[in-house]
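Could you build the full structure based on these sequences and the hints that come with them?
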Amino acid sequence: MAAALDIIGALLLLGGTTFLLLAGLGLVRMPDAYNRIQAGTKATTLGTLLSLAGVAFLHPDWILKLLLIGVFLLFTNPLSSQVLARAAHRSGAEKSPKTRVDRLTEDLGERP
Amino acid sequence: MAEVIINLAAVLAGIAFLLVLWRFIKGPSPVDRIIAFDGLTIVSITGILFAALAEGRGIYLDVALVYALLSFLGVIVVARFLERGF
Chain A
0 MAAALDIIGA LLLLGGTTFL LLAGLGLVRM PDAYNRIQAG TKATTLGTLL SLAGVAFLHP
60 DWILKLLLIG VFLLFTNPLS SQVLARAAHR SGAEKSPKTR VDRLTEDLGE RP
Chain B
0 MAEVIINLAA VLAGIAFLLV LWRFIKGPSP VDRIIAFDGL TIVSITGILF AALAEGRGIY
60 LDVALVYALL SFLGVIVVAR FLERGF
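So the sequences go chain by chain: A and B. Going by numbering that gives the first Met the number 0, the first sequence opens with residue 0, and the numbers climb by one from there. Going by numbering that gives the first Met the number 0, the second sequence opens with residue 0, and the numbers climb by one from there.
By construction, these hints were calculated from the structure, which means they are not laboratory data. Do not take every clue at face value.
Ranges of calculated distance between the beta carbons of each label pair, as one might list FRET restraints [said to hold, decoys possible]:
| no. | chain 1 | residue 1 | chain 2 | residue 2 | range |
| --- | --- | --- | --- | --- | --- |
| 1 | A | ALA1 | B | ILE24 | 40 to 50 Å |
| 2 | A | ASP106 | B | VAL10 | 41 to 51 Å |
| 3 | B | ALA50 | A | ILE7 | 15 to 25 Å |
| 4 | A | PRO96 | B | VAL62 | 40 to 50 Å |
| 5 | B | LEU72 | A | LYS41 | 43 to 53 Å |
| 6 | B | GLY73 | A | ILE6 | 30 to 40 Å |
| 7 | B | ASN6 | A | LYS94 | 48 to 58 Å |
| 8 | A | ARG102 | B | ALA50 | 40 to 50 Å |
Glycine included, C-beta positions come from ideal geometry on N, C-alpha and C.
Okay, here's the thing in structure tokens:
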């Protein structure tokens, strides 16, 4: 039973770090800052949460602290992603030539 | 069996850290660098988890929690700084 829990926890850890690897690949490959924000914050959130779940399976007595870290990450990661995107837009980060829709510029343009 | 998979996962996390570090060093604009810094801190939290697993000490998770708090504040502060201009 304990061995089965260990295997499940290790597989969850492997899945989480796979998502971290994909996030790193996205940060290297994506064309502009906005696409990098997508890859760098969404995928790392999922990867870290899966890793936390894996450690919870490996060490069930740590579950309270792991839950605390997970809830904290769920609160702060979207917030930092939004603040980063706003900072990128306001500091005039250049967009990829394939960008079709920019709602924030349209909204700002309608203002007198 | 489980140890082999955990070691493989740690190697994958290390490769992810190197990829994000490459973007941090290369990143053409300051915004790219702060995005990569955000990614580095989140990958580092997973690194602290692996350290806690290797040592078998739960006290390292407190370090991970405080690290997450401080890195989040750092990212917010630098992003606000970028918004106001240089």
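Hints, verified against the model:
no. : hint                              : in the structure
1   : A/ALA1 with B/ILE24: 40 to 50 Å   : holds, 43 Å
2   : A/ASP106 with B/VAL10: 41 to 51 Å : holds, 45 Å
3   : B/ALA50 with A/ILE7: 15 to 25 Å   : holds, 21 Å
4   : A/PRO96 with B/VAL62: 40 to 50 Å  : holds, 44 Å
5   : B/LEU72 with A/LYS41: 43 to 53 Å  : violated, 21 Å
6   : B/GLY73 with A/ILE6: 30 to 40 Å   : holds, 37 Å
7   : B/ASN6 with A/LYS94: 48 to 58 Å   : violated, 41 Å
8   : A/ARG102 with B/ALA50: 40 to 50 Å : holds, 43 Å
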